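Engineer: Bring the two chains, given one by one in their own frames, into a single complex with the hints.
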Amino acid sequence: MTSTSTVTSSRTTPTPGFGIRVVAWLRTNLFSTWYNSLITVLIAWAIVIVADPFLRWLTVNSVVAPATADVCRQAQGACWAFIQEKYRLILFGLYPYDQQWRPAAVLALFAGLCTLSCFRRFWTPRLLLIWLAGLVVVGILMWGGILGMPFVENRFFGGLPLTIILSIVGLAVAFPIAILLALGRRSNLPVLRSLSVIYIELIRGVPLISLLFMASVMFPLFLPQGVTVDKLLRAQVAFIMFAAAYMAEIVRAGLQTIPRGQYEAADALGLSYWQKHLKIVLPQALVLVIPPLVNTFIDFFKDTSLVVIIGLFDLMSSTKASLSDAAWRGFFTEAYLVAAVIYWVICFFMSRFSQRLEHDLNRNRRH
Amino acid sequence: MKSISLCSIAFSVALTTVAGSAMAATTLEAVKARGSVQCGVNVGLPGFSAPDSTGKWSGLDVDYCRAVAAAVLGDAKKVSYIPLSAQQRFQALQSGEVDLLSRNTTWTLSRDTSTGFNFAPTTFYDGQGFMVAKSLGVKSAKDLNGATVCVQQGTTTELNLADYFRANGMTFKPVVIEQVDQTFDTFFSGRCDVVTDDSSALASERASAAKKPDDYLILPEIISKEPLAPAVRQGDDKWFAIVKWAVFATFDAEEKGISSANVDDFVKNSKDPDIQRILGVSPGLGAALGVDEKWAYNIIKQVGNYGEIFERNVGVNTPLKLERGLNAQWNKGGLIYAPPLR
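So the sequences go chain by chain: A and B. According to this note's numbering, the first sequence is numbered sequentially starting from 725. According to this note's numbering, the second sequence is numbered sequentially starting from 9.
Bound conformation, chain B alone (with noise of 0.2 Å):
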């Protein structure tokens, strides 16, 4: 116990320490001193952030790191991407390692609050499905009453299908197993009806290693919420208001039809005063906000909007083939919804 309880007083004041000096020099001084965002990623995860053949990095997430440098320094090639682990992200985004966390973390109430961050607007809405054979000939996930279920051992995802099942009245066979990837072998080589995870995932484990994709179906129903987001330290708060504004001028900018293809036009022509303050033609929003007047028109002419970087990464044209679903905008469906950029 004593022991546990010095751990506890050394961690606290290693955290104040941190805390308490991250008032000396902002965050946003310390960029443009630098030069560049260092932005924290996943090692490697296909469509959110991955390096190609030739090591430069790509995904969704990257491009959220590219949107916030091209939004502070006007050029989104000045970023420095800090590959992390699951088990290190925290824990260098506290010590002030990263200035930006873009990789995959779910927002959560305990991560918003104790873990110490501030969580900007949701770039990717996940959520836990199943997917099954065709051959099985289920419709729902109501269905799958005393199904085998492939689930990956130790995850919310084997919580969440255990609480699923019970709290429909069904029984469940779980063949549980170690790895992401022999999850899904597993599955695909017939020893289970139905595997479960987040749905992007299903997806995109379907399109690369299924033999023949078109034999298995994703089932409508997700059991749970996985709002995927970028995030930065408490404490400073014009940071914060940076990153925020960053992503929701993704989501304005597509809403408002402006891409990195026509935004150009809309600079010159745009007769709409709402346009024009977004792009900086007239002035104020990058005032407010303790950047460049054209932060957002960097922002869509280098990064593009958020139709843009998701069909990028993750679209329908891409390995991924995913579908927009739950990350439409509002008016079409969805969840991608902008306050007013005024």
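So that you can see chain A by itself, here it is in the shape it has in the complex (with noise of 0.2 Å):
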């Protein structure tokens, strides 16, 4: 669109300079009359007066390492002092210490298999082979045990890579699960359809954070004494069987979109039940849920931080604990904020990622 405008206007006019250009938007879009003129400058002042003492608490007036938290609580700004002190405990929680490049390298892996992921280029079947190594190198590096690594049993996982494992391992699990759920909930076998019904109803009619205290509370109680399944285990399996039920039903939305001659038109081809569905059904039906599955995506990742009341240390408990200690008291601010930003640059690459996606897959149906 942009390019065609500029090459028409380019054979009749020279393009006119960037300055030129700015001012020329900010007249149409800005001062356009003197009322317009007076509402921008009346907001601008009003950003500058807001913006101002929190700019100043963000950079000149904060305080940064060696301080103490003596010379912290005297200053005006904020204490990135405190963060400094205690980043290493919210980003990975209480992994032993001097392991700590274990998880790092988990986050970079991630980091790396997500840019990988964003390339169509690079959307072959091998794709998924590089993500299951990639988790296989992640449970590697978690757990260690070989290759020299000392072993580090899972209650110790903690921080950013504990919230991103719940999400990834639980959306990668679930989704199988949400889509099978969702042909079982249209299928013509009672009994299936019938399951998968109560099912979905089942885990959707409760909250998350009660099937959590289902899977860390009541379920131990019915083991016999001394046998325990693992919490870490307990509350990833309580997330796959919530997503997977909140997916089914957006992937089911996807199939009834799916008009009756495709169908007809795949039987009529003689196609099997699943060649119909992994042809022709589906293909269609998932590229148009991409707006709802992702936001699901989006909304599962932050609900992990609800694993706090089971005492899993994931991004958000491991702000909290490093609130927690008697020396470093108070930095609650500055804490949270870290704990913020780290959540939101996730949530708006996701959404960024997702609309890419949208844009790219829906070409044929863009009018």
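Note that these hints are calculated values from the structure, not bench results. Don't take every hint at face value.
Pairs of lysine-lysine residues, derived as DSS-like cross-links and limited to a Cα-Cα distance of at most 27 Å, are as follows [what the hints assert, rightly or not]:
1. B:Lys-219 / B:Lys-85
2. A:Lys-1044 / B:Lys-86
3. B:Lys-64 / A:Lys-1044
4. B:Lys-85 / A:Lys-1044
5. B:Lys-329 / A:Lys-1044
6. A:Lys-1044 / B:Lys-219
As the structure is a computational prediction, the values presented were derived from the model and not from experiment.
Structural biologist: Quick look at the structure:
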């Protein structure tokens, strides 16, 4: 769109310089009439009034290491010394201090895998294998026990790697289950259909927090003494169950938009049930539901912070734990700001990624 | 109704299964086989249990996990800390996920009976108090008639407050706030005359959150009892005895002046038969408890006596700046009292 317009304009007149274009944009958009100018000035003034103290707090008045907590309390600005002191606890939780390069490597690995998945030319079945291999490496790095890395029990997993593992493993396992549930709910077999409906409605009918409670508080009471299923595993299973039920309904919505003719055409070609769905129905249906799916992904990513109530040290709980050091009390603003920025960056990345996906995959539908 | 009764049947069946199988293997055997004590602690409470910047746990409650490990396994480091939220702590102990709950838990009748716990001796006596600005000119809680009180919502604190004012024929205007941090922020910003909470919390918030700690006064009245004690499951008396006497050993060591610094001196030079018994120089106590004769020596050497534990974690030289108060030895006006170790 933009490229065509510049081409036409360059034919008639030389392209105006950047400065002139900015002025022109300001004129048309912000200062077109006297009252628009007035509103612009007033709003700009209000922004400065509000933003100025905040920016001062954030930058010039802030305190950095090697300042102590006492120095920080006297200062007018943010205490970045607190973050410098605690960033490893916030990022990696209770993971053994001298081994924290391992979760750091896991974060780098996840970042690499996500970047790789952004490029369409890597979208081959091989990408799936790369992800699987990536998850195996993540497991090796986190648990260790081989290659000279000491074994680390998963009750020490914490911080951002735990949040990301809970989300990615949760979503990856829940997604195929969700598709099966959605197909089950639309199936002609009454038993299968009612089981899917019961599962979906049961899980959707309770809050996630109660599922986590069931998994962590009730479930162990039904086990014999001494038999304990790992806390992390219990939480992970609860997440998968929950995510599967929600995503199943989104997938079903996608399935319903596929016109009847598509199914009939597939039947007429003599395709089997699975061929019909895998080759014709699902590829169309899933592309349509990318926005609500990513919405659920983002929701779910943030919901992992609920594990705080079952004593797992995800990013949010390790942030809270960093605040409970008697020597460094009271720097809530800085700690929560850092956590918020981390959450925001990841969620923003997911949302941009989904927009791009939508843009690329729905090209045929755009009018 | 039906679903409720079904649920309670399922629940009691579950509980009986747990209790029944608890008989099979004792906690002591399980701990020795595992080589570590699984100790339920708070996810983060300054001075009581909190991970430091390197993820190492410390605090008063944490020290009692270490004391039990020192007594049973001879090494205070052999503890697996299980951070527990307030909601899951009781289940964690009931189901056997932890051997010991040392998580600022108030000893009450119902927890001692229907919840199915046994409480070791109180390791920290807390109680609800009031804090005011000195500029208010109040010296006693009895002068607080008509005051505006900041209080946290939905806690026993809120109920105790109402009870206290009604009992003394006074009125107050509550400012009810959901979060504990906000309760104190609101008070320090001057919206209330008074803030009420456990006195240890008042002291630590004054030390850490107030701009000028000296401007605030904690009133002498304590209106509730909050004895914080470690807890174990019912049905394993042997393990209960070990935890109980591990706590008493720290009390007794302080009373007798034995500390981590001088305990070796006492072992070598003390002629006092009482001290020789405690430190395992003359054997007997360890065998009675079913642990090593050096159990108390290990506690004192590796963790310290009660005074050391208190001063290190919550005492006047820490950011919490708590006075001993009720937590002084019985012969110094406090409640810390150990029965004879013999």
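Engineer: Now tell me, hint by hint, if it's right for this structure.
Structural biologist: Checked hints:
1. Taking the CA atoms of Lys-219 (chain B) and Lys-85 (chain B), the gap is about 38 Å. The hint is violated against a cut of 27 Å.
2. Proposed proximity of Lys-1044 (chain A) and Lys-86 (chain B) is supported: the alpha carbons are some 26 Å apart, at most 27 Å.
3. About 15 Å separates the Cα atoms of Lys-64 (chain B) and Lys-1044 (chain A), which keeps this hinted pair within 27 Å; it holds.
4. In summary, the hint linking Lys-85 (chain B) to Lys-1044 (chain A) is supported, as the alpha carbons are separated by about 25 Å, within the 27 Å threshold.
5. Note on Lys-329 (chain B) and Lys-1044 (chain A): the hinted pairing holds, with a Cα-Cα distance of about 22 Å set against a maximum of 27 Å.
6. The straight-line distance between the Cα atoms of Lys-1044 (chain A) and Lys-219 (chain B) is roughly 22 Å, inside the 27 Å bound, and the hint therefore holds.
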